[in-house]
Structures are given as C-alpha cells and as structure tokens.
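Modelling step: build the complete structure from the supplied sequences, incorporating the hints.
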Amino acid sequence: MREGLIRALRGLPVVEFDLSKAEDGDLLEISRTMGLALSLGEMRAIKGHFSRPLTDVELQTFGQTWSEHCIHKTFKGIIEVEGGRVNGLLKEYIMKATRELNKPWCYSVFEDNAGLIEFDRGYLVAAKVETHNHPSAVEPFGGAATGVGGVIRDILGVWGEPIANTDVLCFGPLDLPYESLPPGMKHPKYIYKGVVAGIGSYGNNMGIPTVSGAIFFDSGYVGNPVVYCGCVGILPKELYIKNTKEGDYAVLAGGRTGRDGIHGVTFASADLLEDTDTLRPAVQIPNPLIEERLRRAIISIRDRRLASGITDLGGGGISCATGEMAHRSGLGIEVNLDVVHLKEPDLAPWEIWVSESQERMLLSVPGSNLSDVLEIFENEDLEACVLGRFDESGKLRVRYRDFTVCDLDLEFLYHPPRVTRRSCKVEYLPVPCNVPEPKDITEELLRLLSDPNIRSREEVVRTYDHEVRGCTAIKPLQGDLAGPNDAAVIKPLKDSWMGVVISCGINPFYPDPYWMAAASIEEAIRNNASVGGRRVALLDNFVWGNPEREDRMGSLVRAAEACYEFSKAFDAPFISGKDSLYNESPLGPVRPTLLITGIGILPDIRKAVTVHLKKEGDPLYVLGITKDELAGSAYLRSKGINGGECPKVDAKTSKEIIRALTKAIDSGLVAACHDVSEGGIGVAAAEMAMASGLGLSLDLRDVPSEVKRSDLVLFSESTSRFLVEVKKDRLREFEEVFQGVIHGRAGVVGGRTFKIVGLDGKTWEASISELRRAWRGG
Amino acid sequence: MDLERAKACIARVGGTNCDLELKVALEDLGLRTEILHMKEIVKKGLAEYQLLVFPGGFSYGDYVRAGAIWGKEVHSKIKSELQTFIEENKLVLGICNGFQVMIEAGILPDGEIAEVPKAALANNASSKYECRWVYVRVERGGTPFTEGLTNGEILRIPVGHGEGRFLPESEEVLRELIKDGCVLFRYALPSGDAADGEYPYNPNGSVYDIAGICNKRGNIMGMMPHPERAFFGWQLPEGSDSLYGDGKKIFQGIIKYLEDY
Chain E
1 MREGLIRALR GLPVVEFDLS KAEDGDLLEI SRTMGLALSL GEMRAIKGHF SRPLTDVELQ
61 TFGQTWSEHC IHKTFKGIIE VEGGRVNGLL KEYIMKATRE LNKPWCYSVF EDNAGLIEFD
121 RGYLVAAKVE THNHPSAVEP FGGAATGVGG VIRDILGVWG EPIANTDVLC FGPLDLPYES
181 LPPGMKHPKY IYKGVVAGIG SYGNNMGIPT VSGAIFFDSG YVGNPVVYCG CVGILPKELY
241 IKNTKEGDYA VLAGGRTGRD GIHGVTFASA DLLEDTDTLR PAVQIPNPLI EERLRRAIIS
301 IRDRRLASGI TDLGGGGISC ATGEMAHRSG LGIEVNLDVV HLKEPDLAPW EIWVSESQER
361 MLLSVPGSNL SDVLEIFENE DLEACVLGRF DESGKLRVRY RDFTVCDLDL EFLYHPPRVT
421 RRSCKVEYLP VPCNVPEPKD ITEELLRLLS DPNIRSREEV VRTYDHEVRG CTAIKPLQGD
481 LAGPNDAAVI KPLKDSWMGV VISCGINPFY PDPYWMAAAS IEEAIRNNAS VGGRRVALLD
541 NFVWGNPERE DRMGSLVRAA EACYEFSKAF DAPFISGKDS LYNESPLGPV RPTLLITGIG
601 ILPDIRKAVT VHLKKEGDPL YVLGITKDEL AGSAYLRSKG INGGECPKVD AKTSKEIIRA
661 LTKAIDSGLV AACHDVSEGG IGVAAAEMAM ASGLGLSLDL RDVPSEVKRS DLVLFSESTS
721 RFLVEVKKDR LREFEEVFQG VIHGRAGVVG GRTFKIVGLD GKTWEASISE LRRAWRGG
Chain Y
1 MDLERAKACI ARVGGTNCDL ELKVALEDLG LRTEILHMKE IVKKGLAEYQ LLVFPGGFSY
61 GDYVRAGAIW GKEVHSKIKS ELQTFIEENK LVLGICNGFQ VMIEAGILPD GEIAEVPKAA
121 LANNASSKYE CRWVYVRVER GGTPFTEGLT NGEILRIPVG HGEGRFLPES EEVLRELIKD
181 GCVLFRYALP SGDAADGEYP YNPNGSVYDI AGICNKRGNI MGMMPHPERA FFGWQLPEGS
241 DSLYGDGKKI FQGIIKYLED Y
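If you're matching them up, the sequences are chains E and Y in order. For the first sequence, the positions run 1 to 778 when my numbering is used. For the second sequence, the positions run 1 to 261 when my numbering is used.
The set of hints was computed from the structure by calculation and includes no laboratory data. One or more of the hints may lead you astray.
To be verified - Covered stretches of chain Y, going by a simulated chain E footprint (3 or more residues, C-beta under 8 Å):
{"#": "1", "stretch": "119-131"}
{"#": "2", "stretch": "233-244"}
As the list claims (entries may be wrong) - With a straight-line Cα cutoff of 30 Å, these simulated DSS-like cross-link-like pairs (lysine-lysine) come out:
{"#": "3", "chain 1": "Y", "residue 1": "Lys23", "chain 2": "E", "residue 2": "Lys607"}
{"#": "4", "chain 1": "E", "residue 1": "Lys494", "chain 2": "Y", "residue 2": "Lys77"}
{"#": "5", "chain 1": "Y", "residue 1": "Lys23", "chain 2": "E", "residue 2": "Lys494"}
From the three backbone atoms N, C-alpha and C, an ideal C-beta is built for every residue, glycine too.
Written out as structure tokens, the structure reads:
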C-alpha cells in the first residue's frame, strides 16, 4: 500500500486510513486487504463523505453494514432488464405483493428479525428461514449447527419462544466419484453427514422439535451445498416490545466474543501492522447449551417486560446489531468495547466489533430495570455486560481504552449507494422430449421410489427430535411405517385447539425460473392444505449464483416476478425472506434454488389429515388435472432425458381445488390426503400405501388427464393435484363439495397389493413390501 | 394428603428442556408444580415437595456422557437432602436425561445413592439418536408409578435419545432387578410380547428390553420413554378421539399415591 495512506494510532491496535489521498487503485486495495468486499463506487462514496481519516473500525463498519448479507443490495438495487429497469426486486415484487394484499393478520412483515402474523388468543406466530451455505461447505457440522442457532436467535430477537425448526438441504450426489472433485472441495457424503448431525445436534440440544424439511441431491450442489434452517416461534402480542428510548442501556449477553467467524480473517492486517500474531480463520463454533440458557433468560425478561428492545447478533456481530437497533429507533449509541467478554485477551477493537461469535443477543434496557435484567442472566449462568447507552446523537460511536475509534453518522451508514445490476432474459423454451414407452410400469415405479431424491427420509428424520415440547400434533413421519406427511402441525397453546401448519415448496429441477417459483409457491400452499392448513403466509429464500453475472440476474428477476404474481393470485403474502447470492465454486454456480416456506393455521388440530390410508373399501380420488408436464420431473431425470413442458400453475383452478378440499376436510369427509409432487401420482399413491400397509388399486382411465400414455399419467408432475382417500360413507357429500371442480374417482383402498390399471386396461401389480424395499433401501 | 397441599418440583440445570411439557401434564391433573433450578434447590431444599422430577434434556450439554455432570452435582450438593426425601417415601421420577442423571448419581437401581453407578445408559446400539414411538409393556402394576396399570398392558409412548441402552454392571445386577420386580417397563412388539432386542421395537438395544426401572420400594423410578409427550390423545401419531393418551396413566398413579401419602 502506498505510503502516507495508512498510519497506526499511537498506543492502540488501531490504524487510520487517509482516504483523501487515495486513488481508485488504492481504494480497491484497501477494500481488498481489509476484507471489506466493497466496490469502487462504494469506496468512493465513503471517500467523498469524509474529510478526515477513517479508522479500521470505521471502515469495517461500512464493510459489514453495506455487505450483501446485511443490506441485500442486489434485492434493493436497480436492475436493468430488457426494455427497462426494475426498481428493486424486494420493493417491486416481493414486498409489493404483501403491501397490495394488505392482510390484517400480518402483524409485522419485512421489518424485524422475523415475520409476525396473528394467531389465536392474542398470540403472534413468528417465522424466519435462513441459509448457511458457505460455512456448511467449509465445516459441515459447525456450519449447519450455527445455521440452526442463528435462526433460533432471529425468533428470540422478536421475543418469540421457539416452537419448531425446519431444515431443507441440498447436496451433491452421495456416490460422486472422488476423482471428479476439484482439489480442496469436500465430498458430498462428508458434507451430508456433518450437516445432518449438526442440525440434529443443535435442535435436539435446545429442545426445539425439527419437524419439517426436505433433502435433495444433484450435481448442481457439489461445489455449493445448500443448507436452509428455519424456526417458528410464538409470543403474546402485548409482549412484542420494541421501544428503545434515549438513555436506555445496551446489554450484550450470552457467549463470549472471539475470533471465530470474522469475515476474511486471513487478510493481511498482520502485514499492515507487522503483527506476527497469526489470525486463525475459523467457522463459528456452536454451543447450544449457552443458547438454551439464553432462551430461558430472554423469555423471562420478556414476561416481566424488563427490556425495551431486543435483537440478535448475526452477520456483522456487534457492529450491525448496535447500529441497526439505534437506527431503527431513530437514536444514536455509544458503545464501549472494553467491557465485552472475550474468548482471548488480545483481540483488536475491529475484531471485537465485527466478530460473529455465536449465542449472543443485544437488549435495550431502561436504567430502572438494569439490575433485574443482569440478575436474570446471572441466574442462568450467563455472562452479560452493559455495552453502551442509547442517545439522541444519531451517531454510532465506539470507545476503546478511552479513545473514540468510530464515529459515524447512522443516516449515512444506512443509506449506501444503490447498486445497479444488469440482467439478460432467461427463459426455458420447451423442446419436445422423446421418452420410450416402458415395458414394465412397476419397474419404473420401483426405480423412482429408490431414487435418492424420492427415497424415505426416515434415516435422517429419526435423528431429529420432533416430539420435544409435546406440541407436535402432525409429525414429519406418520406412524411406525414412517409415511411422509405433507406438512407438520404444531399445537403451541395449551388452551387453544388451533395449530400452526408448517410446509415447504421447492422445485429446483424445473428448468424455467418463473414456473419453478410459481410451482414452489403453489406447492407450499398445497402441502399446507393437504393436512388442513389455510391462511398461508409465505417466506422466500433465494439461493443463487453471482448476481453480477447477467444470466444469474436474469433468472432471479423471472423468479421474483413469479413471486409477486402468485403471491397475489393465491392471496398469500410474503412475511419474511432472505437471499443468499454469490454461491459460486470452481464447478460453476449453484443450481438456482428457491425455497418457499408456508406457515398456515388449522382452527382445530383434531381435524388434521394424515398421509396413510385408513380403511379398506374407501374410494380414492385424484384432484386436479394431469398434463404432459415432465420437464425436470423425477421420471425424466431418472432416464437422463431433458426437454418436455415445464409444470405450470393455473392459480384459479388450484384455488378452487384447495378451497373444496379444505371444506371437505373441515366436514370430516377426508380420511387421508397426499399432495402429488415429485414422481407424480405413482409415487404419491405408493407413499400412501406404504405408510399404511394397506393395498390399493388405481385405474388410470379415471384420472382426469390430458395425457395419452400410462407412464406419463403416472409420473407427470403437473401442479395443483392431490390424492385423497374419502370416507366411504361420506362419498355423496364429497361429490357435492367437488361439483364443478376437477376430480376423478380413480381407485379404491384395499387388497394386499399395489395395483395400477393402465389406459389400455392392462394391470400392473407390486406388493407393498416390494415398494417399501425400494423406497427404504435394501 | 390433600392434593391441593401437595407440590411437585421439576429440577433443572442448563440444558434441561422437557420441563414445560411435564409441568403441563402434572398441573392438568391438579398437582401444583414448580420448576426449580438446581441452585435454588441447593438453597431452599426439598422439604416442601412430595414429588421430585428430573426431566429430559441435555443437562450441561451432555458433553461428558449423558447425565454424568448433573449426576455428580446431585451427588455432591444434595445427596443427604435427597436421601431424606427418599426415606420419607416421597417420589422421585427421572425421564430420559433425568433417568440418565439418576443412574449416574447412583440413585437407581438401588435407591441408596451409591458411590459407583451399578448400571449405565450407553450409546444406542444403532449408534444414532432415535426419535420414535415405541410399545412399552408394563411388567409390574400397582407400584406408585404403575398404580392402576396391569401387568402386560401395552402403552404407546415416544422415545427420543442417543444414549438409552440400559446396561447393568453384571448379570447379577440384572437378576436382582428382575427378581425384586424392579423392571417396570420393557420395550415390546405391537403384539405385546417383549421385543427381545428386535430393532426398532427395542430402539436402543437395552438389555432385557428394559425401558424403565424402579427401586425395591417403588418410590424411585427412571424411564427412557417420555410419558409427558403421550399425555393427551392428540399427541398420539394416529390421533385419538379420547382426551388423554397412555402417558397420563403413569402420572395418574403418581397423583393417587400423593393423595394417599
């Protein structure tokens, strides 16, 4: 670095940069060597704003606050599209749908750490889903565990009591040959085992049931495994207190602050200061035992109304938590770094400031309650310190050994220059696909059931405690035979029968980004409806590649457009979301993956419907129409065939079907229900049979369909379809409810085998144990 | 005694996490219940309580061996207090991690608070954490915890643990347990026969399919399955039209005992 730009402060482990003398090249060099990841435009904006030198603490503050992770610059930025520009994906699409739907039951959306919706008896439900992809790729166990820990703190950060966790995971193929891995990249099997263990360990230790999720395997995830962690919580509305005032104290509590999880700690600050200390790069270290105690303390502080505000410490550590809390409250804050409990004594002030050590929370506390709050932490054997005090300065000031090492205007800090991204049009143009008609349909079905993406997840799900707290009404695995229920239902309140219904929708294999997003939204709602859920709120989690590449950006725009249109069409607002971009590796970008989480309600959990067949002789219905939509389907993928039509969503039809189904469930007409998704009707029917041990027969000639071949009827992945077992003695009522809505009475429960009658009248048969062997693995 | 005068203490330390649902179950049956941190127990003693419960969870993170740290703490801090509690024929119940704590503290199998544990709850034979509903067979009804249950009755209750394989110190210890009628619950097949080690009916590989044991007097009991998670009918995997599930029967026995106490 050029002389004269940088100067050590006497007696302090702090350096100052004189940006006024810095040329563009210097600015970029400073950004790079400090690990700020700021662009030239951003560095110039900082330079232009200050006429004085800036400390490393201040520059790090910008690096953290203006990061993609903290401020979502791509989603808030301007996007140039063909023939115009989009004024922010969040504003123009995702939040716009919510704003226009304007649901009275949306209590707080896109504002706080988690989305909040009304529940029963004056309670709110809080929901949040995060990703933890990069850490999980480096250190699978710790990365996944801290992902769970982080999203639990998001719920605590809105005063919520965590009641359920979710996890959706995407890995490379487990049988990937080792030779095909680039040097340094970890094998999918190693990542898979570590991630599953990390998620189970954190949730189980915290005593929060892990109730819903999915697992995918695909070569598009070899370099970039995807780990989504979600958490749902509950709180009395009147205890949602966010009212930080001037004079309140900032209390930092929980784990100690150390060098774990500092962005880019390997950069050359040692060179800058000729410091010989080797900074060790480390992923954050999980300690659920601390978070369990933190949860107790926070709930007790909440119930006694001792604090005026709360937020969690995640990305950016203390710097972002204090800045955000002060800024959101229209205040300023002075922070004292000397009081922070450290894991090791010699941390530089900027390290304390940005460290992302786990299990920490920040509270604002009025002076009169300070000693009570500190006592509660002490009683739970937790360390806490009075980190600073809120004032009316509008500034973020940091003291270290009696020196002010940071003095920034919050208004400037929280109004970074908007980025502009370019995009190109991304669209899937269907090419006809040529699938040879199989000789033996049973064989095809067995192959699909044993597909890594369809197989039973029992082996994983059993290692997650899904019963702790005693509130799980509908479990992820149904009964001894472990049928996959479409959604989990939690009964959080002792004195209310209302349930929270948690589902997800995710279709990363559908080739068109727009229809992929549409199908995911519809699937989340469909899965919810399948157990009886309704009034579904949505959460979006985008995992994409580098947004500075036009094609990545192009598909992101298309997916966001679908989010707006189908959120509106389904009357289902987004309440929270998160994006994880820059998922690139030497093997290329991650397979673009959108997870939609659905949070519905069920007025009476005793009416919930499960997946397993109940009774011989009950009729089976297929709801919705089956079309020739096999692009990205499990069937085509299993044959290595590309092409075909992408499954589309007709919101009007889908809503009609769901409305009728909900009515049928409420009237007690439905004995079992399963949504039709990956693997089509064939797999859905097999799962229902395997979950019960009962046989069934299904006549494809009675399935509402536009398709002319038995295998395509059975394995098409058209959306908006359900398979329903109707109580035999309520048949007529069911038919009445479904008058004018697409449905077909296509089968019957019973017999000892799984029987399919093809379009040509030919019968195919398999024993249930044969199906189960394929599905569960030999 | 009058149930209104009786009181239960659910003990907890950092990492305990099944205390709330236990409180819900006990209070539903009309028993006043307090959740007390070990620190408070050390301070105020147990004299005012008639039932002490060590609940499930991961006490102190279970970082050494499940229940080991809390077990030693019980030993070093409240041994004589607990001894008196037991001698007064009050009830001590351990569920899951609580059972592990009682074994590690030497409270079970003997009820004497032994210096060296006579059994262990070892890693599951599957070497995995297992969350599943099991069939629990009542081996001996009529004890304080199985009042109203008959021998051979099958209860549907879930387990959730990674270390639940009951392993007695010796054949001798096992023989004694069986002879003295201290084996209260065994894992069974849906048919009602003992699981005889068959996975997953015996979910952890427990010797003699042991799911729960008590001391000779029957006032101390530890079990791996979670009756508090099978307390209400709606908690059952198949759902239920009745308000309560099988787990309630165990708590019902406790209430009856306290009423007669």
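Do the hints match the structure? See the list:
| no. | hint | result |
| --- | --- | --- |
| 1 | 119-131 | holds (count 4) |
| 2 | 233-244 | holds (count 5) |
| 3 | Y:Lys23 / E:Lys607 | holds (26 Å) |
| 4 | E:Lys494 / Y:Lys77 | violated (35 Å) |
| 5 | Y:Lys23 / E:Lys494 | holds (11 Å) |
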